[in-house]
Amino acid sequence: MINWFFHHRFYIARRMTQTLILLAYFGSNYFGWNTIVGNLSTALVFGTIPLSDPFSTLQMFFAGAVITVDIMMGVGVVVFFYSVIGGRFFCSWVCPINIVTETATWVRNILPFNTVDVCSPLPQSTRTWMIIISFVLSYIFSLAAYEMINPIGIAHRGIIFGFGMGWVLLLAIFLFDLFSQEYAWCGHICPVGKFNALLGKYSLIKVVHDKDKCVNSLECFKACPEVQILNMVGHKSATITGSSCLKCARCIEVCETGAFEFSVVGITKQLRDDK
Amino acid sequence: METPNTTKRRNFLLKVIHGVGYYAFGTVAWGVYLKQSQANSDVLRPPGALSEADFVKTCIRCGICVEVCPYDALKLSKITDHVSLGTPFYEPRKDPCQMCIDIPCASSCPTRALELKNLIRDDVLSINNAKMGLALINTQTCLAYLGLQCTLCFQACPLTGDAISLFKERNTRTDMHAFLKPVVHPDVCTGCGMREHACPTTYPSIFVKPLSSISGDIGSHYIVGWEKQDESRARESAGDSNMKKTPRNEKSALDNVNDVDGILEGLYD
Ligand code: SF4
Ligand code: SF4
Ligand code: SF4
Ligand code: SF4
Ligand code: SF4
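Chains as they are written, first to last, in this note's numbering: chain A, 1 to 275; chain B, 1 to 269.
Source of the hints: derived by calculation from the structure; they are not laboratory data.
Treat the hints with care, as some may be off.
Below, in silico cross-link-like pairs of lysine-lysine (DSSO-like), each with a Cα-Cα straight-line distance of 30 angstroms or less [unchecked claim]:
#, chain 1, residue 1, chain 2, residue 2
1, A, 236, A, 275
2, B, 181, B, 94
3, B, 181, B, 35
4, B, 117, B, 94
5, B, 8, A, 275
6, B, 131, A, 222
7, B, 131, B, 94
8, A, 201, B, 15
9, A, 275, A, 211
The task is simple: from the sequences and hints, build the whole structure.
Following this line, the structure appears as structure tokens:
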């Protein structure tokens with residue numbers, strides 16, 4: 001049992017962070033706390049610190065909206081935060097959809113869906129295209145295009161202000177991730193994760209691999225949602241510089257010999273490890 | 001000839017074509033949905049909102065206005081509401097806007113989709129300057145127009161007397177009662193919906209519609225001659241008419257009317 005907790009220590013911490021953040025938003029609306037008013041698109045923390053989602057703001061910009069100083073400051077805070085600690089921290093520690101997709105993956109791994117190797121129709125580049133198409137459609141329709149279908153927004157507003165039929169979309173994503181292909185949504189489609197990843201490409205907090213401790217059990221490959229970034233495992237001690245690392249710490253948890261750990265890594269070392 | 005190279009090239013091309021198929025389908029479907037989510041002219045927005053088209057692109061859907069509204073009048077639209085997703089609106093029959101004097105909703109909007117400047121008239125910022133919509137009365141179902149004693153809307157209106165007044169008229173059917181008919185004054189009515197909320201008929205007989213969907217527009221070709229400004233507009237525009245000259249209109253209208261010879265000759269037939 002203790003062992004189970006140890007092997008899920010980050011998992012538990014992440015779920016708790018996600019829940020606490022949701023609770024803070026919910027309570028701010030429902031009980032009128034002054035903790036974090038708004039939602040994931042824009043919020044005000046303790047009535048002073050503005051936060052705004054850079055991806056939605058950029059879409060609004062392409063839609064032709066006037067961006068106010070308040071929003072620009074909010075974007076500034078978030079971009080600073082992402083570029084220092086890492087953009088996809090949002091995915092594994094904040095995003096409510098992450099709870100849905102990780103649960104779907106967990107069920108998927110119990111069921112025998114991953115044992116047969118069938119072709120996966122969605123390439124990972126789809127999420128880059130999603131970013132580009134979002135901007136183009138925002139421009140054409142004068143409307144933040146992705147925000148109109150963004151399940152993160154629908155889920156988050158749903159939890160704070162009431163769901164209506166919004167849960168249907170969450171169910172759809174659950175089924176999509178469960179049945180279609182592994183990490184179908186977060187790993188292939190969601191442009192928010194990709195956009196934040198680009199912002200946090202050279203963030204200071206990174207997972208570092210130590211090849212001397214690695215016994216090639218390949219457990220990390222089974223656990224990591226973005227396996228393509230683990231190309232150094234077993235043959236080179238290096239920083240995991242791939243921008244799509246979620247900092248979910250699954251690799252740290254599953255590795256019996258402790259070949260992974262979180263570390264603060266300077267940009268020069270990251271560039272060197274990149275080669 | 002089949003070489004490994006041509007197969008590779010062919011596979012690559014096939015991949016591109018597959019991709020084009022997926023993306024074309026996805027983008028068009030998404031675009032159609034966006035077309036549907038654009039400005040909806042039948043929704044009531046909080047005080048100070050920009051025009052509907054600007055509002056849907058400027059509002060970041062943060063819901064701060066909804067959270068600060070002390071009367072919980074505002075809601076953020078869900079996928080089943082026929083309102084651009086995630087934007088704030090109110091439904092007066094359920095929860096009208098109570099016209100808070102400190103306007104918490106518009107003053108806390110971070111994107112200025114709710115613009116306080118829209119609530120300033122003659123240098124005074126006041127919620128009474130809001131133009132969220134306009135109340136209309138169905139005179140066939142309004143109890144007062146039927147001759148009954150009601151006036152609930154008159155009493156509920158926060159700007160009663162200015163935005164709505166009672167018009168007294170003899171009831172010729174009974175010949176001994178009076179009608180007390182409510183009449184809305186469009187220049188003052190803010191569209192808050194307090195009257196729609198108060199109306200006792202099953203479906204409200206007084207209801208608020210957004211201005212964009214009901215505003216009449218007199219257009220430029222009618223002149224309100226008894227108003228100085230409009231009169232001068234007529235004089236200015238007389239010169240730059242680019243209408244084709246015909247025997248009918250080459251002279252001024254006044255001359256034409258007095259041109260008895262021309263009329264007899266059938267010049268104007
Ligand atoms: S990829 Fe997108 S949906 Fe998935 S966790 Fe990250 S932000 Fe959320
Ligand atoms: S490398 Fe580790 S922390 Fe990064 S995404 Fe993979 S499992 Fe998560
Ligand atoms: S004026 Fe007051 S009641 Fe009306 S929408 Fe704003 S906060 Fe709500
Ligand atoms: S506060 Fe402004 S930006 Fe936020 S939901 Fe309301 S109108 Fe939109
Ligand atoms: S409350 Fe309704 S029925 Fe009564 S006077 Fe007003 S519009 Fe007519």
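Here is what the structure says about each hint:
For a cut-off of 30 angstroms, the pair hint linking residue 236 of chain A to residue 275 of chain A stands: about 11 angstroms separates their Cα positions. Of the pairs offered as hints, the one joining residue 181 of chain B and residue 94 of chain B holds, with about 24 angstroms between alpha carbons and a cut-off of 30 angstroms not exceeded. A hinted pair counts as satisfied when its Cα atoms are at most 30 angstroms apart, and residue 181 of chain B with residue 35 of chain B does not qualify at roughly 42 angstroms. About 28 angstroms separates the Cα atoms of residue 117 of chain B and residue 94 of chain B, which keeps this hinted pair within 30 angstroms; it holds.
With a C-alpha separation of about 28 angstroms, the suggested pairing of residue 8 of chain B with residue 275 of chain A holds against the 30 angstroms cut-off. With a C-alpha separation of about 59 angstroms, the suggested pair residue 131 of chain B and residue 222 of chain A falls outside the 30 angstroms cut-off, and the hint is violated. Proximity of residue 131 of chain B to residue 94 of chain B is assessed by CA-CA distance (about 19 angstroms); at most 30 angstroms being required, the pair is judged to hold. Between residue 201 of chain A and residue 15 of chain B, the direct Cα distance comes to roughly 29 angstroms. Compliance with the 30 angstroms bound is thereby established for this hinted pair.
Using a Cα cut-off of 30 angstroms, the hinted pair residue 275 of chain A and residue 211 of chain A holds, with the two alpha carbons roughly 16 angstroms apart.
Going down the numbered hints, you'll see the structure goes against 3 and 6, while the others check out.
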